[in-house]
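Number of protein chains: 2
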Amino acid sequence: MAKIPYKIYLSEDEIPRYWFNMKAVMKELPDPILNPATFEPCTTEELEQVFCKELVEQELNTTDQFIEIPQELLDFYRMYRPSPLVRAYCLEKLLDTPAEIYYKFEGTNTSGSHKLNSAAAQVYYAKKQGLTHLTTETGAGQWGTALAMACAYFDIDLTVYMVKVSAQQKPYRKAVIETYGGKVIPSPSDTTEAGRRILAEYPDTGGSLGCAISEALETAVKTDNCKYVLGSVLDHVLLHQTIIGEETRIACEKYDIRPDMIIGCIGGGSNFGGLIAPFVSEKIKGRSDVRIIGVEPASCPSMTRGKYAYDYGDTGKTSPLLKMYTLGAGYIPSPSHSGGLRFHGMSPIVSKLYHDGYIEARAVEQTSVFEAATMFARSEGTLPAPESAHALRAAIDEALRCRETGEKKTILFGLTGTGFFDMTAYMSYNEGSMVDNIPTDKDLEKGFAGLPQAPKEALLK
Amino acid sequence: MAKIPYKIYLSEDEIPRYWFNMKAVMKELPDPILNPATFEPCTTEELEQVFCKELVEQELNTTDQFIEIPQELLDFYRMYRPSPLVRAYCLEKLLDTPAEIYYKFEGTNTSGSHKLNSAAAQVYYAKKQGLTHLTTETGAGQWGTALAMACAYFDIDLTVYMVKVSAQQKPYRKAVIETYGGKVIPSPSDTTEAGRRILAEYPDTGGSLGCAISEALETAVKTDNCKYVLGSVLDHVLLHQTIIGEETRIACEKYDIRPDMIIGCIGGGSNFGGLIAPFVSEKIKGRSDVRIIGVEPASCPSMTRGKYAYDYGDTGKTSPLLKMYTLGAGYIPSPSHSGGLRFHGMSPIVSKLYHDGYIEARAVEQTSVFEAATMFARSEGTLPAPESAHALRAAIDEALRCRETGEKKTILFGLTGTGFFDMTAYMSYNEGSMVDNIPTDKDLEKGFAGLPQAPKEALLK
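For the record, the sequence lines run as chains E and H. According to the working numbering, the first sequence is numbered sequentially starting from 1. According to the working numbering, the second sequence is numbered sequentially starting from 1.
Hints listed in this document are in silico derivations from the structure and should not be mistaken for laboratory results. Worth double-checking, as some hints may not be accurate.
All copies of an identical chain are treated as equivalent in the list; a pair is satisfied when it fits inside any one copy or across any two copies.
Taking lysine-lysine pairs in the DSSO-like style, the calculated list, with each CA pair at most 27 Å apart, reads [claimed, not checked]:
#1 254 <-> 7
#2 3 <-> 254
#3 222 <-> 409
#4 53 <-> 128
Since the model is a prediction, treat every value here as computed from it, not as a measurement.
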């Protein structure tokens with residue numbers, strides 16, 4: 001076996017031609033999406049009112065393990081994929097650890113993250129269906145940027161509801177989206193009923209992903225030839241992100257890298273679910289005992305402190321109901337600097353895997369996250385996104401544990417993106433003014449109190 | 001020959017182990033650096049008062065065609081090199097041109113540009129010499145960021161004088177440099193005599209690279225165990241950037257790509273000189289007739305409208321004299337959005353190649369540059385730095401010419417970096433408020449009037 005290079009780049013011919021459908025390998029399926037009015041499983045027709053046809057088909061597909069990636073989309077992926085799997089030689093040296101550390105780096109495209117993987121897919125299917133307009137929400141701005149890039153490429157109009165606190169923290173993110181031709185509206189806004197309702201109740205709110213989703217959904221339904229696209233949480237988004245895991249698996253096999261643990265940050269869960277898909281699949285089949293760890297912010301601890309229950313995906317409580325770990329759709333997380341992780345819920349697939357014991361979850365505080373981010377930047381060069389640095393924090397902690405025990409473990413984590421548009425956050429950390437906003441149990445109770453009520457038999461389905 | 005992939009990545013083993021010393025292949029050497037007091041060629045000892053020993057040796061080396069890259073530095077380069085040579089398939093399609101377009105993309109590291117190639121080299125030699133502190137200037141901020149990254153890696157203190165207008169336009173650049181541990185001072189400042197003198201004469205100036213150089217030079221001389229490092233212009237900086245050209249040559253040979261023209265942006269000239277080195281060398285030897293085109297901003301047209309004369313490198317007129325195309329050290333270019341190209345002079349090597357007819361020069365206006373940048377972003381995905389987009393503009397113009405003539409030319413340009421920290425500029429373009437600040441002949445005369453006076457025989461040397 002040749003020495004492992006700093007960066008493992010697969011060739012373009014090695015880009016996976018199939019997405020990996022987790023639901024085809026899970027022993028038990030996640031509970032179905034419910035119609036909030038009837039508490040009955042959503043039908044294809046109901047979902048197609050909001051989402052593109054082909055995406056609904058993917059959302060509901062529980063049988064095909066591999067779903068083909070269309071050629072036009074592979075052509076788009078070739079502009080920035082395969083993404084590198086990097087050996088963090090310099091971080092290992094800094095930490096003086098016997099562990100081997102690898103990271104799959106999704107930040108090499110202009111959107112600065114993995115979001116482009118699903119953005120391109122969703123815009124491609126929208127175009128194929130003859131749509132002319134899309135709406136979405138964005139938190140940190142990475143999803144909005146990714147979607148704007150894909151919309152520019154495939155020539156579709158785009159309206160982005162951007163979480164207000166993110167729009168304020170990251171004025172230049174807005175400018176990037178606009179450079180790619182997208183229209184940006186800070187959320188909550190007065191352009192929708194959902195936004196006006198939230199503003200009336202919380203006039204000073206910095207917004208949340210949940211609020212922005214409500215507004216984007218409403219606009220999509222009210223606009224001709226327009227659908228809504230979502231950057232995380234849903235099964236079809238996670239499906240598109242499995243290209244990350246598949247590339248990682250191929251690279252690991254090629255260089256005989258055998259991870260003892262795989263670590264990812266979790267906000268809506270799609271990047272994490274995508275990264276771990278082929279690895280957790282082996283675990284489900286009893287062929288692997290790799291540890292799989294999702295890392296979330298202590299300020300928005302949906303997995304570590306949330307409830308596994310049916311809940312709305314949006315703060316406005318208009319979306320279908322998802323069975324997931326949630327803090328309650330009414331929970332508005334404090335304005336941390338990891339906008340992409342400020343979501344009250346979690347991917348139903350990731351939630352189910354956690355519930356069934358295949359994966360672990362861990363919450364970390366943002367000051368310790370930025371400490372890790374700065375260490376990484378100064379040793380490995382790359383400036384990580386705050387979201388990605390949650391996974392990095394856990395990876396560093398595990399590597400330091402190896403230093404104590406002397407174990408030579410192989411740690412692989414997902415570095416989902418770059419922090420070039422997060423300098424306000426870094427400035428706050430550099431100045432020592434960053435705080436950790438950890439909710440009290442009482443804060444969380446408020447969110448749980450708002451969980452949807454339904455006949456017991458419906459919720460037990 | 002296999003189909004050319006979107007991105008050609010060489011393997012880490014193919015990273016050149018030698019820099020390419022242009023002066024060893026030039027038929028006539030550039031005129032020597034002069035001491036401004038005596039108008040005699042600078043001695044090694046004089047240069048070592050300001051620069052590191054090994055860099056002075058490289059600066060004055062006119063005989064060795066290949067200069068070995070130290071192993072410790074190759075280890076650093078491996079973190080982000082080889083950089084990709086990209087086939088701009090999507091741009092070609094958008095332009096509907098028969099031309100093939102390639103770009104060597106140096107923006108895949110956090111500094112966002114090629115600057116890291118020389119930053120790492122200079123910091124490495126400083127460390128080796130036992131220095132503990134470095135000073136420098138930065139315009140667009142890419143050089144300052146690159147140097148901060150290298151200083152963090154090799155553990156050396158850094159003070160960066162940042163052109164004031166850039167510091168204002170790019171507050172987050174400052175934050176990045178600080179995240180890597182660098183100290184940033186907007187220039188002109190009151191921390192140096194040179195700064196105070198310039199402020200007294202032009203209290204409202206936005207500064208220039210020339211001003212910032214004066215301040216950094218002064219601080220280096222007055223601080224213990226400290227030297228000055230420069231991000232462009234000088235021969236040793238250009239030398240380090242030849243890794244770009246060497247990688248490009250190797251990739252072209254591997255895939256049988258034969259450029260009809262090679263295009264780069266020119267500010268101080270180092271990225272351009274580095275990119276073209278092996279190609280212009282073949283031209284000098286009479287074995288190639290490739291066209292080589294340097295593209296500069298119409299607002300700072302040192303090659304297309306400057307004089308070929310001895311001049312200071314800095315506005316404070318304290319540096320050694322360089323024989324180069326210059327607008328005069330006293331010329332302060334209007335505050336355009338391409339901070340990295342706002343330099344009154346030009347690399348002596350590039351100047352000499354231009355003077356001897358091996359290369360062409362062209363000036364472009366910034367509104368047309370941003371038009372090109374936006375076209376590129378929307379088709380190829382990547383958001384270019386304004387500086388890099390000067391080369392892109394010319395490449396697009398050449399590709400459009402091919403569409404008219406039907407010629408299937410091969411165009412290769414250097415995309416030196418990304419524009420993530422240039423969003424103020426893009427916002428100004430998006431809003432339609434961007435202007436082209438083209439100097440009048442009278443404006444230029446003022447700069448020329450300040451060219452250093454010396455006995456005629458000295459200047460003719």
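Go through the copies and call it for residue 3 and residue 254: within, between, both or neither, with a Cα cutoff of 27 Å. For residue 3 and residue 254, the Cα distance is within 27 Å both inside one copy (12 Å) and across copies (23 Å).
Given identical chains, is residue 222 near residue 409, meaning Cα to Cα at most 27 Å, within a copy, between copies, both, or neither? neither (53 Å within a copy, 49 Å between copies)
Identical-chain pair category, residue 254 with residue 7, by Cα at 27 Å: This pair counts as both: shortest intra-copy Cα distance 13 Å, inter-copy 20 Å.
Treating 27 Å as the Cα threshold, decide for residue 53 and residue 128: within, between, both or neither. within (10 Å within a copy, 62 Å between copies)
Checked against the numbered hints given earlier, this structure breaks only hint 3.
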